[in-house]
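Peer 1: Single-letter residue listing:
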Amino acid sequence: MLLPRDFIRSTAAGFGSKTAFVDGDIRRSFIELHQRSDRLASALQAMGVVKGDVVAILAHDIVEVIEHFYACAKIGAIRVGINWRYAPREMVHLVNDCQPKVVVIQDNCLAILGEHLDQFAAGRQLIGLRGDHGLANDFETMATTDIAAPVLPALEEDDDIAISYTSGTTGLPKGAIWSQRGVRECQIHTTLQMGLVPEDVFLSPGSTAGVGIVLNSFNLVNGMTIVLPGGDFTGEGWLELLAQEKATFSLLMPTLMRRLLDLYKAGDFDASSLRMIAYGSEPTRPAVIREWVDTFPSKIMQMYGLTEATGGWLSFLRHEDHMRAFAGEPELLTSCGKPGLHVELSIRDDDGNELPPGEVGELWARGDVILKGYLNLPEETAATLTDDGWLRCNDLGKYDEEGFFYLTDRKKFMIITGAFNVFPVVVENVLAEHPAVHECAVVGAPHPEWGEAVVAIVSQKPGESVSPEELINHCRGKVAKWEVPKYVKIIDELPKGGTHKIAKHALREALRKDPSELPWSDQL
Amino acid sequence: MAGILPRDLLRRCAVSHGDKTALIEGQRQRSWAEIEQRTNALAAGLQAIGVQKGDVVAMLAKDHLEVIELWFACLKIGAVRVGINWRYAPREMLHLIGDSNAKLVFIESACIELLGDGLVQLQQQGCQLGGFGSVDHGLSLDFEALISAGGEPDLPELSEDDLCAISYTSGTTGLPKGALWTHRGVRDTLVHSALELGLHHEDTYYSPFPMAGVPILCASFGMVNGLTTIIPDGVFDAEAALLDMQVHAATVAIFVPTMMQRIIELYQQGDYQLQLRLLTYGSSPATPTLIRDAISTFGCEIIQLYGLTESTAGWLSFLRHEDHLRGLDEPELLTSAVNLHCMWIWKSTPQKVKSYRSAR
Numbered sequence: 000m001l002l003p004r005d006f007i008r009s010t011a012a013g014f015g016s017k018t019a020f021v022d023g024d025i026r027r028s029f030i031e032l033h034q035r036s037d038r039l040a041s042a043l044q045a046m047g048v049v050k051g052d053v054v055a056i057l058a059h060d061i062v063e064v065i066e067h068f069y070a071c072a073k074i075g076a077i078r079v080g081i082n083w084r085y086a087p088r089e090m091v092h093l094v095n096d097c098q099p100k101v102v103v104i105q106d107n108c109l110a111i112l113g114e115h116l117d118q119f120a121a122g123r124q125l126i127g128l129r130g131d132h133g134l135a136n137d138f139e140t141m142a143t144t145d146i147a148a149p150v151l152p153a154l155e156e157d158d159d160i161a162i163s164y165t166s167g168t169t170g171l172p173k174g175a176i177w178s179q180r181g182v183r184e185c186q187i188h189t190t191l192q193m194g195l196v197p198e199d200v201f202l203s204p205g206s207t208a209g210v211g212i213v214l215n216s217f218n219l220v221n222g223m224t225i226v227l228p229g230g231d232f233t234g235e236g237w238l239e240l241l242a243q244e245k246a247t248f249s250l251l252m253p254t255l256m257r258r259l260l261d262l263y264k265a266g267d268f269d270a271s272s273l274r275m276i277a278y279g280s281e282p283t284r285p286a287v288i289r290e291w292v293d294t295f296p297s298k299i300m301q302m303y304g305l306t307e308a309t310g311g312w313l314s315f316l317r318h319e320d321h322m323r324a325f326a327g328e329p330e331l332l333t334s335c336g337k338p339g340l341h342v343e344l345s346i347r348d349d350d351g352n353e354l355p356p357g358e359v360g361e362l363w364a365r366g367d368v369i370l371k372g373y374l375n376l377p378e379e380t381a382a383t384l385t386d387d388g389w390l391r392c393n394d395l396g397k398y399d400e401e402g403f404f405y406l407t408d409r410k411k412f413m414i415i416t417g418a419f420n421v422f423p424v425v426v427e428n429v430l431a432e433h434p435a436v437h438e439c440a441v442v443g444a445p446h447p448e449w450g451e452a453v454v455a456i457v458s459q460k461p462g463e464s465v466s467p468e469e470l471i472n473h474c475r476g477k478v479a480k481w482e483v484p485k486y487v488k489i490i491d492e493l494p495k496g497g498t499h500k501i502a503k504h505a506l507r508e509a510l511r512k513d514p515s516e517l518p519w520s521d522q523l
Numbered sequence: 000m001a002g003i004l005p006r007d008l009l010r011r012c013a014v015s016h017g018d019k020t021a022l023i024e025g026q027r028q029r030s031w032a033e034i035e036q037r038t039n040a041l042a043a044g045l046q047a048i049g050v051q052k053g054d055v056v057a058m059l060a061k062d063h064l065e066v067i068e069l070w071f072a073c074l075k076i077g078a079v080r081v082g083i084n085w086r087y088a089p090r091e092m093l094h095l096i097g098d099s100n101a102k103l104v105f106i107e108s109a110c111i112e113l114l115g116d117g118l119v120q121l122q123q124q125g126c127q128l129g130g131f132g133s134v135d136h137g138l139s140l141d142f143e144a145l146i147s148a149g150g151e152p153d154l155p156e157l158s159e160d161d162l163c164a165i166s167y168t169s170g171t172t173g174l175p176k177g178a179l180w181t182h183r184g185v186r187d188t189l190v191h192s193a194l195e196l197g198l199h200h201e202d203t204y205y206s207p208f209p210m211a212g213v214p215i216l217c218a219s220f221g222m223v224n225g226l227t228t229i230i231p232d233g234v235f236d237a238e239a240a241l242l243d244m245q246v247h248a249a250t251v252a253i254f255v256p257t258m259m260q261r262i263i264e265l266y267q268q269g270d271y272q273l274q275l276r277l278l279t280y281g282s283s284p285a286t287p288t289l290i291r292d293a294i295s296t297f298g299c300e301i302i303q304l305y306g307l308t309e310s311t312a313g314w315l316s317f318l319r320h321e322d323h324l325r326g327l328d329e330p331e332l333l334t335s336a337v338n339l340h341c342m343w344i345w346k347s348t349p350q351k352v353k354s355y356r357s358a359r
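Going down the list, the protein sequences come from chains C and A. Counting in numbering that gives the first Met the number 0, the first sequence runs from 0 upward without gaps. Counting in numbering that gives the first Met the number 0, the second sequence runs from 0 upward without gaps.
Some hints could be false.
Unchecked claim - Below 25 Å or equal to it, Euclidean Cα-Cα: the simulated DMTMM-like pairs (lysine to aspartate or glutamate) are:
1. LYS19(A) to GLU343(C)
2. LYS19(A) to ASP320(C)
3. LYS397(C) to ASP18(A)
4. LYS17(C) to GLU329(A)
5. LYS19(A) to GLU33(A)
6. LYS17(C) to ASP18(A)
7. LYS495(C) to GLU516(C)
8. LYS19(A) to GLU319(C)
Unchecked claim - Partial selection, computed: residues in chain A whose CB lies under 7 Å from chain C:
9. ILE3
10. LEU8
11. ARG11
12. VAL14
13. SER15
14. ALA109
15. LEU113
16. VAL190
17. LEU194
18. HIS199
19. HIS200
20. ASN224
What the hints assert, rightly or not - Which chain C residues stay away from chain A? Per the calculated CB distances, all over 12 Å, these:
21. PHE6
22. ILE111
23. ALA121
24. THR140
25. ASP159
26. GLU184
27. ASP348
28. ASP367
29. ALA381
30. GLU401
31. SER520
FYI, nobody ran anything at the bench for these hints, they're computed from the structure. Keep in mind it's a predicted model, so treat the numbers as computed, not measured. Glycine included, C-beta positions come from ideal geometry on N, C-alpha and C.
Just chain C, with the same shape it has in the complex:
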């Protein structure tokens, strides 16, 4: 059976000198990637790395992250990406959890660790990457020095290929264990479902620490070119790269779409090459989707996936579905689409019984892309995976008679106010339609009578102004009474997590820890 490492070799043979990755001034061809990852793999083996050893990388979104992944894939080492946006405490947790034998660290990430560096590095070999890292081993030297070819161990589809840490909405990140099979199936079938073609130039949002590493290796199955953000995503950078590289396809998170819309409208950028964007990772406001379609020339599709499904991706809301929505079925914009052909989706109650169309339950998924388990968390694994291979996604949702799935919210974010369940995304979608609202998050805050109250945190569009009272009035009549926010807080910018998502968990926890600003705080 073909494994990811076979695709590395075959793309080198089939696409040779074609550009696989653009990273700032660096252009790496398919054959260069293969050769460099071979050398790196050999070097890792010379350092004592064997099949099953973890080799982690702490870096920004640069091409060496891909080379590191490929080297690991070749020799059966297990790749771990450490998100540079994590707090040092989380980074230390991560390495203590997965116990890497070797860690690659980009020079500009050493300072992030600060006083935690010794703890982070204890008992591990370090490889420095770019700049003047000062470490004993150098990535570029390894990737360019010919030693013996790597010894390719026998690998099975079920072998571990990576541990991907989730951003985590509660507590410390947990590591989802991915298999060789899962990564391959995700690469193949998501590429097929997205309609990516060998001639595409895919403008990547980066995010290579987690599921982004799979997204950023889709060209292994079709030979297309991927343009990395050149370190970190910026809106201006994306727009410049779009024109410079004549990118045809991109994937964006909703928060990035918002940023790009503002920049594009204010500037003079050429987006004529863009034929399609995909968006996802969190619910996207219909208002943002409409604005994007009205502004950019590309077609649009939505993808839903999660770390526990090796990205997946699990469902797709296609361009024609968006057009139906604009033609008079707006509720479709709140759907995450229909299942991909490589997975099964189901809505279940708490006892695991399948629910009929229209009833809200938990989303379950099954397929070759489902994680093997969580590292060192057997109870969490048992609570997440059933004996017959279903994954409990922890997202609440429903499906309609046509088979469109709708995710109402993360289970953890559901607000229970009085006797009512409130799904924040419902209220967020309404708030987002107010012309002054830039971004918003709705969370539950402690309330003396109702247990939780619906609270909205909002940022305003540049030049716009709105009062909390106006926003509460805006929601009245559009959502149920119990869904109308009882308190609205307006701030300059909503905090984002390491994957560009709004840090809703942090907003909720902040109010729980310090509810003093809530109007009813004296009763708590």
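Based on these hints, arrange chain A on the given structure of chain C.
Peer 2: Quick look at chain A alone, frame taken from chain C:
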């Protein structure tokens, strides 16, 4: 864990793309939901008359939706599909049926006479025969009646390594030989070739080749991404092909060079509006003149595919559009590059056939 099987892809196309058109033949169309319902019923009908996993079900027909429906039904229940080329001599047809030990043979009404005395021979041997295409085929089983009886098949456990088809090569010496295809081989051919060609969900794909052999897979690409496939109504006709491609807004087509030549000539003489974005061709190289004509006439990209029966089609290599553009100045590239520049060797050769069916 068994990987995704073709039957899984078919079922999920019905789930996720139920209302979308899967197949078009002349005036007839089938959605993915209809395909699922009909092939389930057909599969159940086959099982009701005793067809089990591993049994061979053959079909002698020109190109019709029923050819694909039978293929899909076989995939579901683990039966082994054999396509009989209607251009074969009766001797060759009987050889295929005997060599594959077919339990059941469906024959299109219009092809019954092609068997000559072979029909009586088969009946005397106790081979079950079924007909379709007209109500008076005179054979004991009726394709549509099996479907009309409805029902759901009992899906046997299948592994990737199980046989799903025997594909007979035209053979350069002696009688045709049957290459044994597996579910894995079919799936991987479809998945990887779709990726290589850049086929996507919104494509409408014109596939005119006779579906007895490898081209049954050309007509099956839809199962990996839900695209729509157009097949000719019986046999390829260049004028009908142009009309079909126009009416149904075909975006991708596959031809052999001689077909492509004819299509271009008619297109230039007529007043057709096509929306082709990709022309694919195979079985022989195309001349620089033909390639220039194709590109300038249709304004689309062009890819050559190389494959063979023994690799479950494959397809094994692809001469891409940019290679064709180079080849206009380096014409030797058009004849040899398919082997030098673009050969993908599948190291684990998932598409390799298991073996040839040994002649009796």
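Peer 1: Hints numbered earlier in the text: which of these fail when held up against the supplied structure?
Peer 2: The structure conflicts with hints 6, 14, 15, 21, 26, 28 and 30, although it agrees with all the remaining ones.
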